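Peer 1: Just so you know, the protein sequences line up as chains A and B, in that order. The opening position of the first sequence corresponds to residue 1 in my numbering, with each subsequent residue numbered one higher. The opening position of the second sequence corresponds to residue 1 in my numbering, with each subsequent residue numbered one higher.
Fair warning: there could be bad hints in the mix.
To be verified - Some, not all, of what chain A presents toward chain B, calculated at C-beta under 7 Å:
(1) 44
(2) 97
(3) 149
If you are wondering where the hints come from, they were derived from the structure by calculation, not from laboratory data. It should be emphasised that the depicted structure is a prediction, and the values quoted were computed from it without experimental measurement. Cβ coordinates follow ideal geometry from the N, Cα and C atoms, glycine included.
Now for the letters of each chain:
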Amino acid sequence: MNMELSRRQFLGTAGAGLAGTTLGALGFGGVEEAHAAAIRPFKLFNTTETRNTCTYCSVACGIIIYSKGDLKKGEKADITHIEGDVDHPTNRGTLCPKGAALLDIVKSETRLQHPMIRRAGSDKFERVSWDEALNKIARAMKDDRDKNFIAKNADGVTVNRWNTTGFLAASATTNETAWATYKAVRSLGMVVFDNQARV
Amino acid sequence: MTNSWTDIRNTDLVVIMGGNAAEAHPCGFKWVVEAKANRGAKLVVVDPRFTRSAAVADYYAPIRQGSDIAFLSGVINYCIQNNKVQWDYVKAFTNATYIVKEGFAYKDGLFTGYDEEKRDYNRSTWDYQIGPDGYAMVDETLQDPRCVWNLLKEHVSQYTPELVERITGTPKDKFLKVAAMIGECSTPTKTMTSMYALGWTQHSKGSQNIRTMAMLQLILGNIGVRGGGMNALRGHSNIQGLTDIGLMSNMIPGYLTLATDKEPDFNTYMSTRGFKPLRPNQMSYWQNYKKFMVSFLKSMWGPAATAENNFAFDWLPKMDVPAYDILRAFELMKQGKMNLYFCQGFNPLQAFPNRGKLTEALSKLKLLVIMDPLQTETARFWENHGVYNNVDPAKIQTEVIQLPTTCFAEDEGSLVNSGRWLQWHWPAGSPPGESRTDAWIMSQIHLRLKEMYKKEGGALPDPIVNLYWPYKDPSEPTPEELTRELNGYVVSDVLDPNDPTKKLLTASKQVPNFGVLRDDGSTAAGCWIYSGSFTEDGNMMARRDNSDPDDTGAYLKWSFAWPANRRIIYNRASADINGKPWDDTRKLLWWDGAKWTGYDVPDIAPTAKPQDVGPFIMNPEGVSRLFARGMMREGPFPVHYEPFESPMVNLVAPKIRGNPVARVFKDDFAQFAEPASKEFPYAATSYRLTEHFHYWTKNNHVNAVLQPEFFVEISEELAKEKSITNGGWVRVWSKRGSVFAKVYVTKRIRPLICDGKPVHVVGIPIHWGFVGAAKKGFPANVLTPFVGDANIETPEFKAFLVNIEPSTGPVA
Chain A
1 MNMELSRRQF LGTAGAGLAG TTLGALGFGG VEEAHAAAIR PFKLFNTTET RNTCTYCSVA
61 CGIIIYSKGD LKKGEKADIT HIEGDVDHPT NRGTLCPKGA ALLDIVKSET RLQHPMIRRA
121 GSDKFERVSW DEALNKIARA MKDDRDKNFI AKNADGVTVN RWNTTGFLAA SATTNETAWA
181 TYKAVRSLGM VVFDNQARV
Chain B
1 MTNSWTDIRN TDLVVIMGGN AAEAHPCGFK WVVEAKANRG AKLVVVDPRF TRSAAVADYY
61 APIRQGSDIA FLSGVINYCI QNNKVQWDYV KAFTNATYIV KEGFAYKDGL FTGYDEEKRD
121 YNRSTWDYQI GPDGYAMVDE TLQDPRCVWN LLKEHVSQYT PELVERITGT PKDKFLKVAA
181 MIGECSTPTK TMTSMYALGW TQHSKGSQNI RTMAMLQLIL GNIGVRGGGM NALRGHSNIQ
241 GLTDIGLMSN MIPGYLTLAT DKEPDFNTYM STRGFKPLRP NQMSYWQNYK KFMVSFLKSM
301 WGPAATAENN FAFDWLPKMD VPAYDILRAF ELMKQGKMNL YFCQGFNPLQ AFPNRGKLTE
361 ALSKLKLLVI MDPLQTETAR FWENHGVYNN VDPAKIQTEV IQLPTTCFAE DEGSLVNSGR
421 WLQWHWPAGS PPGESRTDAW IMSQIHLRLK EMYKKEGGAL PDPIVNLYWP YKDPSEPTPE
481 ELTRELNGYV VSDVLDPNDP TKKLLTASKQ VPNFGVLRDD GSTAAGCWIY SGSFTEDGNM
541 MARRDNSDPD DTGAYLKWSF AWPANRRIIY NRASADINGK PWDDTRKLLW WDGAKWTGYD
601 VPDIAPTAKP QDVGPFIMNP EGVSRLFARG MMREGPFPVH YEPFESPMVN LVAPKIRGNP
661 VARVFKDDFA QFAEPASKEF PYAATSYRLT EHFHYWTKNN HVNAVLQPEF FVEISEELAK
721 EKSITNGGWV RVWSKRGSVF AKVYVTKRIR PLICDGKPVH VVGIPIHWGF VGAAKKGFPA
781 NVLTPFVGDA NIETPEFKAF LVNIEPSTGP VA
């Protein structure tokens, strides 16, 4: 697949007007202008295109996400459309029934919005602030680690392990998130540590 | 994958067994279609169900779930008996010629050294004879009865087509047809690819399923070549990356491992990781282990990791058990031995076996922390949802904190695909509500703990307060800062020992590749196999040049593939012992008289002479292994073991139940149905639908509309036998739990005849729960047994026993 003309260039060319076409050459310039004025501009021209990867399986299809607003300019960006990246060597623009509906997972009604806590014995979640949630987590971790950390085993060997708190890591996050997670978790001596590779 | 999705176009035969790419990986399956259309490749599907992959196959053979080793051992036997062997490859590039120690033997399903009590082996005889020169002994003529080839030939000889049919239910003629199609790929100019997924991994002997096919591929000469390979299709979008970076109990990034309690210090630890070559001239690349390890330690603890403290080796935990995998974690939780548990984008209440046990375990925690973009069942395990989650919240004392995180569309960084490509992506949208990135959350937790340990002291604060955290904004490291660490950088100048006026490496520069990493603390690298991904030339993972000279499918300038941007690993094996490609129409790498050259990055030292240095450079032998030595817990050769819950006894070893070395916790054994159980007579298997991804897409309106409701699939024959009507309700139950489902009566599942008796298969898709946009339903793990693969603890989701009856549906 030799993509001399990228998808973007193609769209750009297609939208460049009729000046270079047969109609233009025949002198129907006025008709063209009137026609162009009557057509609503192609919606995707007003959006920001961002290259991304489908979040589901490891085929890792290339996708293009269209947003109103540009994060790079410091704007708020609202995602309006997601489609396959035709320049991508693996999927060549195609998406499966899961990937084709990606917009609905980004916008799912069950996306979490705020930190929440469910207290012991309660039948509901309540809102908490980030600070309250994080302070509570850190305190619980420190107390448990200080109480249960094993510095030396029965034979006197230094083992520096903590096995009463565990961590399951996500397998749809980036390598970079994984590395930050690895550092934070392993530096505590945590060994009950796993990811979705087994399922 | 040893190869890549786009390389599948180069194959002559695709064998899909243990997977269903057409439904689970549709856009990757496109390359199977390309190979069929453009090369005339054939597709063979072997599966208990007539899947959509089977629907477009050139040949389909049914098989009873959990009997793949018997089938594949039968194919190996067929190839040996019918001389369908690529002899030049086998003799030069495998350990077929190696001589095995006296004392090693196999009898009645077990190898030498079994200890029934420990469910483990003494593996000391599972190795080569070492000659007086210190190297493994070989017999190039293959005459020695103790050479690997002759032992293998003997070992697989019992798997005749007749026995294969009795065990697997695959009719003999169908088995022989598949064996013949596979056997044709033993010529140097015909190649087969193996595409597999959870259909092979989710068994108590999943690793051996894969290994058996890998052995077959070696016998056919199909590893390291275009259109060949062992291709794990893989699941989540970055499951490969999370594994590469070692987010597992006993792992260190780049497939290094934590020390065990038996390795008290760094020198003892390194003494078993020296990997001295077992044959002359071999690269035995793991000889560089210490360089990777020290560079990792430097990236963890920076200036606090010094030669004097063995680069802070003691700050890493040591293991007292092989692994605290998830099954062990939930067992410990159930025993009341765990207090806190974190689930980062992970829904174990749906994803792990024996739902009832999981709920009981989670109820004993003090605190459960959820980090997720979406609602999950795990976060709400305490919430009553009638029959779908019948719990009393007042009785559950576990506190749950649920933290909202960003999703892929709002985050930046790299993901690793099945073909080991690290592809960078960019954020496109603003996160909803108060959601934050996982990196921010992990930083917040780390910084808070660091502060508390500084202020209060406590258990070993050193690894926490000294964790190297050199980020511009410590509260949120950027993806670029983190990925630069993963690639590795030079800590201090390295001078040329021959000319100290010359610098070999300059401090603070990114390393260009893992070849320059050092064991003296002058380099740091978070994950050595990622070295080369972010160099002084920039972010290689962000590259998007899709040129592909001569249409080989390599795409060397698209993103970055580990290791070293290599697209097909073991690629030196694509050429014969003299460095000449096996197939001139499908050249990959060749020896030009002075060096290796070709379409891919050579998987060998560029000037390593072809006759001297073997292609399997990570192995101390320099060749691949038909005999696994002591590296697999079940044995050096695969043996057919039945699933722990099986509709029949093991015909090759009647006394053995399940996998003899799989770990089973006491209470779980009591919850297994007997082999050939009358109470649970049907062979169940779980699987995925093309419209859903695990338990995520039930949160998605479109997918919830496409497949709204939990159902099970059975054959017309079983429906008739049990008076079950298509579209009606059934109750399905195992020794662990019971579910109600709509039933789909289908021709896609047929009874198999195993050892003369019919085996009915019940198919159970996994995608429903009690949160999301789809109808509430039961997840398959209500039924599944709590046991994992003996080597890596992947749960046995693909083969278990159930019963089924018509029903009026759940009572609301």
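Peer 1: Take the shortest C-beta to C-beta distance between residue 97 of chain A and chain B; is it under 7 Å?
Peer 2: 5 Å, holds
Peer 1: Close enough to count: is the Cβ of residue 44 of chain A nearer than 7 Å to one in chain B?
Peer 2: 13 Å, violated
Peer 1: Given residue 149 of chain A was flagged as interface, is its beta-carbon under 7 Å from a beta-carbon of chain B?
Peer 2: Because about 4 Å separates residue 149 of chain A from the closest Cβ in chain B, which is inside the 7 Å limit, the hint holds.
Violated hint: 1 only; the structure is consistent with all others.
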